[in-house]
Amino acid sequence: MSETCRVSVERRGDVAVFWTDGYINNQGGEEIAREAYSELDRGARALVMNLAKTRIVNSIGISILIEVLEKVMERKAVLAFCGLTPTIDKTFRIMGLAQYAAIYPTEEEALRAVGAAAPTARPQVTGPQ
Amino acid sequence: MSETCRVSVERRGDVAVFWTDGYINNQGGEEIAREAYSELDRGARALVMNLAKTRIVNSIGISILIEVLEKVMERKAVLAFCGLTPTIDKTFRIMGLAQYAAIYPTEEEALRAVGAAAPTARPQVTGPQ
Amino acid sequence: MAQRDPAPSTPPAAGAPEVSLTIPVAPEMEIVATAQADALGEYIDMPRDKIDEVKLALVEACINAFEHAQTQDNQVHITFRVGGRIGAGEWLEIEVLDRGRGFDTAGVESPSPQKTFEERRRRGWGLHIIKSLMDEVEIASGERGTRILMRKYK
Amino acid sequence: MAQRDPAPSTPPAAGAPEVSLTIPVAPEMEIVATAQADALGEYIDMPRDKIDEVKLALVEACINAFEHAQTQDNQVHITFRVGGRIGAGEWLEIEVLDRGRGFDTAGVESPSPQKTFEERRRRGWGLHIIKSLMDEVEIASGERGTRILMRKYK
Ligand SMILES: Nc1ncnc2c1ncn2[C@@H]1O[C@H](COP(=O)(O)OP(=O)(O)O)[C@@H](O)[C@H]1O
Ligand SMILES: Nc1ncnc2c1ncn2[C@@H]1O[C@H](COP(=O)(O)OP(=O)(O)O)[C@@H](O)[C@H]1O
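Protein chains in written order, with the numbering used here: chain A, -6 to 122; chain B, -6 to 122; chain C, 1011 to 1164; chain D, 1011 to 1164.
Keep in mind the hints are simulated off the structure, nothing from the lab.
Positions of the beta carbon are idealized from the N, C-alpha and C atoms, including for glycine.
Where hints are given, some of them may not hold.
A few chain C positions that, by computed beta-carbon distances, are all more than 12 angstroms from chain B [stated by the list, open to error]:
#: 1; residue: P1027
#: 2; residue: T1032
#: 3; residue: P1057
#: 4; residue: E1063
#: 5; residue: L1068
#: 6; residue: Q1080
#: 7; residue: R1091
#: 8; residue: G1094
#: 9; residue: A1116
#: 10; residue: E1119
#: 11; residue: F1127
#: 12; residue: E1146
#: 13; residue: V1147
#: 14; residue: E1153
Where chain C lies over chain D, by a calculated footprint (3+ residues, C-beta under 8 angstroms) [what the hints assert, rightly or not]:
#: 15; segment: 1031 to 1039
#: 16; segment: 1046 to 1059
Chain A with its partners taken away, still in its complex shape:
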């Protein structure tokens, strides 16, 4: 099914950058969580999630992102989002995600804020939006 979210991850030193593509529901959220926990286990101290290719995150998806955020905070790591549509940004604020995670307009700003190494070429995200 086309709408299922694809997630790709790239490591830049101790920062893990996530790109999502498509609808984030329970499945998409769980896919992100799986990748996030594996990056934390591999010592990531910051996760940057670029949601530019996602237009809808449902409340179940957000509840899973909140779980990820809690795990990130437990590990004293940080989580930053970027590339949010106005609607996703609004929902993140309503649900309080924005109080605990940083939100930046662009990936560049997010990476700078978490002190990542300069971005390299972005990997190809396959699959439709």
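Use these hints to put chains B, C and D with the ligands onto chain A, whose structure you have.
Frame of chain A; chains B, C and D with the ligands shown alone:
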């Protein structure tokens, strides 16, 4: 209504280039016909229609394009299409439009074929696709 | 369904996900309907060009109902079904039903480029286009309305 | 419509173009439904960001019906209406109806970031999001099902 086709036209010497944007139904077809007749009246000897921003032309729209083609032939002018999606191309062939009008993959090729002056900057087509 | 006359001979695909859509007889509503064909085509990962063909066939079926059916309820009823085994013969099926006056399907003259250009009979292509773009088409029409059942494989 | 219990107090907008869509209770069908919101939002030239808000509200209403309603017919019935005077107060209205078990709307606890983060009760945001994103929302629920009527101005 968003889907209504927008038509913009630019003159390059005695060649008139048309760009459509959106659904071509009876309304869209009539809009194109109006512009086409006015260009013929103003001495155009070739019409090039770039449909790259149109994904659907219904059979009523095509029947109007056929009317335009007949008028073009009466005036000993020529009509060329370009930028057709595979589905539009297929429909034009089914209905026989392709037997009387030339179809080119790109605007450049169409312009070259009708012997137009080099293209200038393309005018802004406003409105959604 | 109230109407029983124009029954297709193929049985409906049992258990296939079914989405039904009712649109009013109004300008450009056929385009609103194509959004559903788009979404379900994407749902089964149908290639873009095939989705476009399905959309045009749906447009033609809708505008026929708008133009010719003279429905009492001022509506066109569309059912979308997806089915087949994943990876083997998946399809998108669309049924377009109007409760209009119907027509004699056997009496419709076939169009041709010659009639179109030489005799200047430019209309009459809708049903032919539907049959050309879809893999399977069944048309049933009677005094209780018209039903077009069309299927496209992925 | 068979169900009469959860009747909204606002009368349906008479004469407004109405499109109705029935989707099965199945994964991602809520996204298939949003295609219709998209098409009708575009039909009234609603700005993209507002269409996105409508789509998320629709997704939330659908997944509530999928998750909680325990419908017998395994369907969710959605009606889209557009109305208002062109250029002044045009709106898109969506009614999401399930013939499920219903719930006590007064008994739903409001969510808050505090409960979400401190008490780790992360769910319970769907209805709140719907109310935040739409301009007018009415929820009626009873033993014959649940109806959410929501409207967004352009
Ligand atoms: N839904 C319908 N209800 C009544 N008559 C129809 C319907 N669809 C098609 N017809 C009849 O069949 C004829 C051929 O239709 P079609 O091939 O689509 O061409 P066109 O619509 O251009 O005439 C129509 O002119 C009409 O008489
Ligand atoms: N369509 C429905 N049918 C039955 N119960 C519902 C429906 N929608 C909502 N509810 C009830 O209202 C509660 C709150 O819903 P909501 O705010 O969407 O949050 P969540 O779905 O995350 O629990 C649900 O847990 C459920 O008990």
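Status of the hints after comparison with the structure:
Remark: the non-interface label on C:P1027 is consistent with the geometry, its nearest Cβ contact in chain B lying 25 angstroms away (cut-off 12 angstroms). Taking the minimum C-beta to C-beta distance to chain B, about 19 angstroms, the non-interface status of C:T1032 holds against the 12 angstroms cut. The claim that C:P1057 is not at the interface with chain B is violated, since a C-beta of that chain comes within 12 angstroms of its own (minimum 10 angstroms). Non-interface call for C:E1063 relative to chain B: violated, since the shortest CB-CB distance, roughly 5 angstroms, does not exceed 12 angstroms.
Not every C-beta of chain B lies more than 12 angstroms from that of C:L1068, the closest at about 10 angstroms, which undercuts listing it as non-interface. For C:Q1080, the condition that its CB be more than 12 angstroms from all CB atoms of chain B holds, with the nearest at approximately 18 angstroms. The claim that C:R1091 lies off the interface holds: its Cβ sits roughly 22 angstroms from the closest Cβ of chain B, which is beyond the 12 angstroms cut-off. Separation of C:G1094 from chain B is adequate, the least Cβ-Cβ distance of about 22 angstroms exceeding the 12 angstroms criterion.
Look at C:A1116: its CB is around 21 angstroms from the nearest CB on chain B, clear of 12 angstroms, so calling it non-interface holds up. Even its closest Cβ contact with chain B, about 15 angstroms, leaves C:E1119 beyond 12 angstroms, as expected for a residue assigned away from the interface. Separation of C:F1127 from chain B is inadequate, the least Cβ-Cβ distance of about 6 angstroms not exceeding the 12 angstroms criterion. With a least beta-carbon separation of about 18 angstroms from chain B, C:E1146 lies farther than 12 angstroms from that chain, consistent with its non-interface assignment.
For C:V1147, the shortest C-beta to C-beta distance to chain B comes to about 14 angstroms, beyond the 12 angstroms cut-off, and the non-interface label holds. Once the 12 angstroms rule is applied to beta carbons, C:E1153 is consistent with being away from chain B; the minimum gap is 26 angstroms. Check result for the segment 1031 to 1039 of chain D against chain C: holds, 7 residues qualifying (beta carbon to beta carbon below 8 angstroms, three or more required). Coverage of a stretch by a chain is defined here by at least three residues with a beta carbon nearer than 8 angstroms to that chain's beta carbons; for the segment 1046 to 1059 of chain D and chain C the count is 5, and the condition holds.
Hint compliance for this structure: hints 3, 4, 5 and 11 are broken, all remaining hints hold.
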